[in-house]
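J.: Starting from the known structure of chain A, arrange chains B and C on it as the hints suggest.
If you want the building blocks of each chain, they are given just below.
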Amino acid sequence: MSARLAALAAVVCLALAAGAARAQDRLVVFAAASLRNALDEAAAGYAGPRPAISYAGSSSLAKQIERGAPASLFISADRDWMNYLQKRGLLVPGTRRDLLGNRLVLIAPRNSTIKLTIRPGMPLLQALGGGRLALGNPYHVPAGMYARAALESLGVWESVKSRVAATENVRIALALVARDEAPLGVVYETDALVEPGVRIVGRFAASLHPPIVYPMALIKGAAPAARAFAAYLGGRRARAVFRKYGFTPLN
Amino acid sequence: MLLTPAELEVLGLSLKVAVTGAIASLPVALLLAYVLARAQFPGKILLDGIVHLPLVLPPVVIGYLLLVALGRNGLLGAWLAEHLGIVFAFRWTGAALAASVMGLPLAVRAMRQAIEGVDRRLEAAASTLGAPPAAVFVSVTLPLILPGLLNGMLLAFARSLGEFGATITFVSNIPGETQTLPLAIYSLTQVPGGDAQAMRLCLISIAISLSALVLSEIMLRRARRRAQGA
Amino acid sequence: MKLEVSIGKALGAFSLEAAFASEGGVTALFGRSGSGKTSVLNAIAGLLRPDRGRIALDGEPLFDAAAGVDVAVHRRRIGYVFQEGRLLPHLTVRQNLLYGRRFARGQGSVSLQKVIELLGLAKLLQRRPHDLSGGEKQRIAIGRALLADPRLLLMDEPLAALDAPRKSEILYYVERLRDEVGVPIVYVSHALDEVVRLADTVVVMSEGRVLDAGPVAQAMSRMELRPYLGRFEGGAVIDARVGEQDLEMGLARLDFPGGALYAPDVDALPGERVRVRIRARDVSLAMVRPEAISMLNLLQCRVVAVGEPAGASVDVQLDAAGTVLIARVTRKSVAALGLAPGVPVYALIKSVAIDRRSVGYA
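Chains as they are written, first to last, in the numbering used here: chain A, 1 to 251; chain B, 1001 to 1230; chain C, 2001 to 2362.
So that you can see chain A by itself, here it is in the shape it has in the complex (with noise of 0.2 Å):
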């Protein structure tokens, strides 16, 4: 019996001892949630080595590459986030370029009767209800950070500030709309033309916000194959994709 045990043991250890040895041999890629449906599609169609996608908050991605995160490459949905990283010195210095622009739209349920034309002093906080706004974290997340900019130069942002839903990134925002959770959500629009359960109620102007810009990049210590997916992210058969699901490519 103790023989046994034994065997086993130095099984798994001689398991834990390669696990741990062996290089870091995959592709990680560090994306904005709002990506998440086209850059899969896009990455389906690449010839070389699948990458590992990992979604989130733009804001959560940033931190975790900072603490050093083993992403090779950063697409961020805004560029402070980008910025930021750029500051402390862990990109690869000019592989830095702007990919993708998108708008962002106010969404309400599929069911939803809500009619309302988005300008300014727009009787938003009554639309609601009671219920909450359905943003990305209006401080952190790109997508909540542009809704409040857009909110706050339509002048109703205060009005509705503290009946914000703040969720980590702006997929769980469209997910509260769909669910029926939230009445009302700001989202992308590459967001709300994805998911059947949202209807779009208006559409915000680009001049009301920052522009809304994704800018990719290299991380410092980037695998050698991210170049090559990079590369081919900005070329003609990713961005077809990309227009496919309403994004606009930028040169």
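Please note that the accuracy of each hint is not assured.
Keeping only pairs whose Cα atoms sit at most 20 Å apart, straight-line, the calculated SDA-like set for lysine to any residue is [as the list claims (entries may be wrong)]:
1. Lys63(A) with Lys1016(B)
2. Lys2167(C) with Arg2151(C)
3. Lys2167(C) with Tyr2361(C)
4. Lys63(A) with Val1060(B)
5. Lys220(A) with Asn1073(B)
6. Lys63(A) with Val1068(B)
7. Lys220(A) with Gln86(A)
8. Lys63(A) with Leu1065(B)
9. Lys2350(C) with Glu2308(C)
10. Lys1016(B) with Ala52(A)
11. Lys63(A) with Val1087(B)
FYI, nobody ran anything at the bench for these hints, they're computed from the structure.
T.: Just chains B and C, lined up with the frame of chain A:
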């Protein structure tokens, strides 16, 4: 119910993390259980309390503490990475570590009970037959507590399978590396139309955890029968 | 083999102060429950650490408080047969028997075959402890202790947990052990029969103290000890040799210096030595030789001492050519017959009173 390759990857990773976590915690849990069961020393109650912390603290706190201590830039983590090449942060080894820390109190409790249930007179008898203390432990104590040990390991394993807060805080959510079942389900709930997939993973999760719990209960009964069989 | 014990220990409300020595054979520690016998045994084994004193085996100290010596249990090479057996439940009988073998330094003076044959274990080897009878467990416990090659064997009331038929069975095996294997034994018991049958030396204990130590016959007959021996009924122990077996009548004649005793149910051949216990209450006295009575046993004696009265009765110590005998009679009779030291009397003992339990075999 055939599993998709993605589901198999998640399942495989979860099992790898949970099994490794459970086995890695075995020597630590056994040592702690033995000390708490048999030794008398000042501060014993404090040790008992510390061992039980992962049961009562928010998992996120545990994950954060692990990050501070063992992250790439952490107090111990930096040294380990540099001198021994051992990295926990953002790797499945870190997920296994988080899992084993969360499961430790359960393992220690079960093992401690098993050790306390050993008839010390049997150990005394073995001594009179000439067995030195180490031999007594290996040839008498260990076989008698074995079902209790397995019970503890299985409980820790079941707990590890469901570990979320500490994992996502310490090693984040990287598919193929740290995305265990709970993290995968969490991600799927954010994917439009992902509910069906999330439910499938939930069912798999329930099936495995239930099996582990049933098995651990069987072990517990076996342990009781052994204690009375003397 | 020489065992020297002289120890003291405080055990809660009870304090142990025991000193005795023994020269091999079977040494019995005898006394009521709670008199400290098992504590002494545990101290010899090393399972109990005395506060002060010394324990030595063949001159080698196992424990010496002054010199700071306390040999570890597993190094003492002292076998221990516990009251409740303590077989290892996860091993087979065979594995239990051989457990101590791998730690035994020598080849072992006793072989596995010999032990199996001695204790009748052949059919039990592949069984597991949990479905064995009490008697079987004890035999295995004895065998296991033997096979660890001990220089001394300790036995703690090994018969206490057994019923009457089982007791006889194990007693028989212990006697064989004593006779066929050379290892000295320290045997704890509160049952006088066992002590009388097995022991060469007896150490009488009460409340943590040794009251007396010496050859069995001598200790048993000392009347001052009577109150300490609990339910022990005063009596004498006589070493005799079987002179003749009358198979037709079912009686044996047992010869000893003071005369002859007739007893039924003696399972020994002429020439073999036996040890007979005569209860004081079975001995009657006569001033003249009686005639035409049923009692077969008639011994000429002289009164040595008249003891303290206990209620209506009193014990009278007699001497039959060097052998001690004790008679329990009424105070009234003592007065009526004028019994006093020096007076010659006849001791009468019913043969039937000398039953199976009173006869032990050497």
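J.: Which earlier hints can't be squared with this structure?
T.: Hint check: 1, 2, 9 fail, others pass.
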